[in-house]
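Student: Which chain is which? The protein sequence lines are G and L, in order.
Going by my numbering, the first residue of the first sequence is number 623, and it counts up by one from there.
Going by my numbering, the first residue of the second sequence is number 18, and it counts up by one from there.
For the record, the hints were derived by calculation from the structure and aren't laboratory data.
Among these hints, one or two may not hold up.
PhoX-like cross-link-like pairs, simulated, lysine-lysine; straight-line CA separation at most 20 Å [said to hold, decoys possible]: (1) L:Lys425 - G:Lys861; (2) G:Lys783 - L:Lys425; (3) L:Lys91 - L:Lys153; (4) G:Lys795 - G:Lys838; (5) G:Lys931 - G:Lys887; (6) G:Lys887 - G:Lys739.
Here are a few chain L residues that face chain G, going by a calculated C-beta distance under 8 Å [stated by the list, open to error]: (7) Phe23; (8) Leu199; (9) Leu474; (10) Gly475; (11) Phe479.
Here are some, though not all, of the chain L residues that point toward chain G, as calculated from beta-carbon distances under 8 Å [unchecked claim]: (12) Tyr196; (13) Ala418; (14) Leu466.
Cβ atoms here follow ideal geometry from the backbone N, Cα and C, with glycine treated the same way.
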Amino acid sequence: MKKLIMKTFLFAAPVGLIFIFPLYVLSASGEFMTAGRIIAMQSADKEPNLILQAYSDPWSYIKMAGIKQRRPELIALGTSRTMQFRQAFFKVPFYNAAKAIDSTAHLVTVLESLNEKEIPRIIILGLDPNFFNPNWVWYSSNTPHAEPKSGREWLKILSQKWLQVYSDFINRKFRLKHLNPKRNDQGFHRTGLGARVHNRGFLNDGSFLYLRHIVKREAGPVPEAQRERNRALEDIREKDDLYVPASRLSETSLRELEAFLILAKRRGVHVAGYLTPMAPSMLEALEAEGPNYEYLRKITPALQKLFQKYGYVYEDFLDSRKLGATDAHFVDDVHETGEITLRILKRLAAADAHIGTSVAAPFPEESEMNRKYLEAAKQRVFTL
Amino acid sequence: MLFNSFDFILFLGAATVAFHYTPYSWRKYHLIIFSYLYYFSWSAGHALLLFGVSLTAYFTGLGVERAASEEGKKKSMALGVLLLAGVLFVFKYFNDFADFAAPGEGPVFYRILIPVGISYYTFRLISYVVDVYWGKITAERDLAAFTAFAAFFPHILSGPIHRAETFLPQLKKAGPVPYLMLTSGMRLILFGFFKKLVIADRLGIFVDTIYASPGNYNSLAILLAAYGFMIQLYADFSGLTDIARGSTRLLGFESPKNFDLPFYAPNIQQYWRRWHMSLTQWLGDYVFMPLRMKFRNFGNTGLVLAILINMTAIGLWHGARTTYLAFGLLHGIYMIGSALTLKRRDQFYKAHPLLARGRTLWGPLITFHLVILASIFFRAESLSGAWEMISGIAALDLSKAGPMFFAKREILILAVGGVIMEIVHYLESKGRIRGAYYSQAPWMRWAVLYGFTFFILGFGEFNSHNFIYFEF
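Starting from the given sequences, assemble the full structure and let the hints guide the process.
Tutor: Structure follows, in structure tokens:
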């Protein structure tokens, strides 16, 4: 037995050595921070936090837990495309719960998992067009809110991502200076390599800040954003990912949305829904495809009818040109910057009295909205 | 505590070290303590149930042996089997029947949490009682040894179904566990992790996506998912078995094999002799053979009946679902077709030696595809889901989304992993694995082990997916 133990130890020692560097990188950068700690930090801290972990994504759980803990009056619900609504836009307690859902299948789950004290009074519901594409392959009905296993999450991340850490380091996706916490204390507290390297992440109100994009945009067009759009144009040509063609609407998704609206009505929650926008060049590319994306034209008539049936407001912002947007207002093909979200909110506030009475007075100025972030960003130490 | 968890590795390490420092005569107590600790990690209530059925089987065995008359023995055996089968029936099938009686939203109190491994340990205990009745073994008098046999933790979740006649003598054998047995156990565990984490769980991502909504994919994607599931199931279940058998070796026991190159079987009968061997042998011994004897005067009709009942039992052993029933019946039909024509086919190929060469190629190919077809019923959530898969393949429609959402890197890892898996299986099946391994220089052996370790650590899926057979 002693021989076996000795040999096992000898065998395991080099394996263990290989894990030391990834272990250091992941722990020093905040990648191991548990969902529970993130929730606590976001709730307690008055200082701006920018949190984005590169090797794990616990946000669907964090957002649900965030609603339960903060009990806001108003929430924004949707995918990453609904993440730009901020507390500063509202006078009532607000929390951005975007990313709590991945598809319409999760909508009812959100309401069902909240008790009477936790349920918000108003929901701004961002609906992505691909939700209603019956051929969208990433439609997922799995429950997205499972709590990451506390205490063992770090082990899972280490075992799954150690090789990726080496690969990213060799490819200079991050540098050792990104691991120095003292340097990160200036400006924003940045947690996670996503936040430290890319200067973007979740703020304390659950919204997401594309800080690097905002700063870079000051100097002109942002090449990364254009690259992302080019990749998406490639997807349109390949008819892949978000851009799988469809002529009809997904009956399943419509049923799931209706079930959500029925439940919201029953529980006294007001819902204001909207179709999330796309960068103008992307919509033009889809329109040029002729009948391939026929389902896009069918979404609004169907949703309008559905929302009206339950006495709720619905607005279509798919064509962002109607909001005065250009490609420069998008960080990629589908994620708009805060200015466009503000314009969306203005329209929703005009159309819906519940939203109208909840927005901040005076209504936030677009020119002002990024000022404090830009000031904070000036104190940053990393190259943006 | 799943076998593919860090907790289990720590637990197994502690159990192994403790086992080796435990005096030989106390080892049965060690096994009881660690087995029940392990089972407690799942459910304390179910551990009590396990202890209860163990006592039932133990006293039934003694009762059968002590009964004065043949009639008394038979009655004792029948009562014990009925009790054990009753426990299995209630705990395993109650939910299915409740669902059947009240589909959809049944009342909550209908639901019973199925004790993990119940199908395996009740089958082991039933075989013990029947074997005592048949006189194949004598009733075990040592309650501690019997309790250790019933609860033996490496086999408790998903087998192999280790029978008392081979387990108990090993438990009573005193002496240290040979060093080579320990290292071979560790290698087997490593290989099991490789199959589970690198192949099965990776393939599962692809298979699950397509089985969840086959209507969204083209025929090629659906066909690949059908193939993929069978390979996933094989890697998953044989990986689980390897971890179980490897863990068993660390405690000084040899356990039965469960797989022997099933995808190279020349016909469906051979396939079932090579797939989940401990279950098919169990059903063969305790269901098929008694039925065959009972129906022996009915010629082929008797054979057909015995096969059909046996294969239906295999299907329903997985659960009382129409899909498992269809799976069992389909395999029953294959078996009947094969059994009734085998003689003629053999004669035909004897008369046509040139074609006989081809038989070695198309025999396994046809068998494999028959197995794939049946596996669609096994995997699908419902008969309509299975039909959607089959009609999706038959439509030969390539206009919808294809299989290429699965990244090329994943395909490459699976291809390399699959080839390695099959080379090892081949060498293992031919009994050449030990020779091939020990004929290498020590540094080469370590290099192989490091190769597997880093393949697992680098390309394994570490999301702690359950083993597929765990739910049975």
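Student: All hints are to be evaluated individually against the structure, with a verdict given for each.
Tutor: These are the hints, each one checked on the structure:
Restraint check for L:Lys425 and G:Lys861: satisfied, since their Cα atoms lie roughly 18 Å apart, inside the 20 Å limit. As the CA atoms of G:Lys783 and L:Lys425 are separated by approximately 19 Å, the hinted pair is consistent with the 20 Å bound. The straight-line distance between the Cα atoms of L:Lys91 and L:Lys153 is roughly 15 Å, inside the 20 Å bound, and the hint therefore holds. Among the hinted pairs, G:Lys795 with G:Lys838 is consistent with the structure: their alpha-carbon atoms are about 19 Å apart, no more than 20 Å.
Simply put, G:Lys931 and G:Lys887 have alpha-carbon atoms about 11 Å apart, close enough for the 20 Å limit, and the pair holds. Using a Cα cut-off of 20 Å, the hinted pair G:Lys887 and G:Lys739 holds, with the two alpha carbons roughly 16 Å apart. Annotation: L:Phe23 was flagged as interfacial toward chain G, and the flag holds, the nearest CB pair being 6 Å apart, inside 8 Å. Evaluation of the L:Leu199 hint against chain G yields a held restraint, the C-beta minimum of about 5 Å falling below 8 Å.
For L:Leu474, the shortest C-beta to C-beta distance to chain G is roughly 7 Å, which falls under 8 Å, so the interface hint holds. A least Cβ separation of about 5 Å between L:Gly475 and chain G falls short of the 8 Å threshold, and the interface hint therefore holds. The criterion of a C-beta within 8 Å of any C-beta in chain G is met by L:Phe479, whose closest approach is roughly 4 Å, and the hint holds. Annotation: interface hint on L:Tyr196 holds; nearest CB of chain G at approximately 6 Å, less than 8 Å.
Below 8 Å, beta-carbon pairs count as interface contacts, and L:Ala418 has one with chain G at about 5 Å; its hint therefore holds. For L:Leu466, the interface hint holds, the least distance from its beta-carbon to any beta-carbon of chain G being 7 Å, beneath 8 Å.
Going down the numbered hints, you'll see the structure goes against none, and every one checks out.
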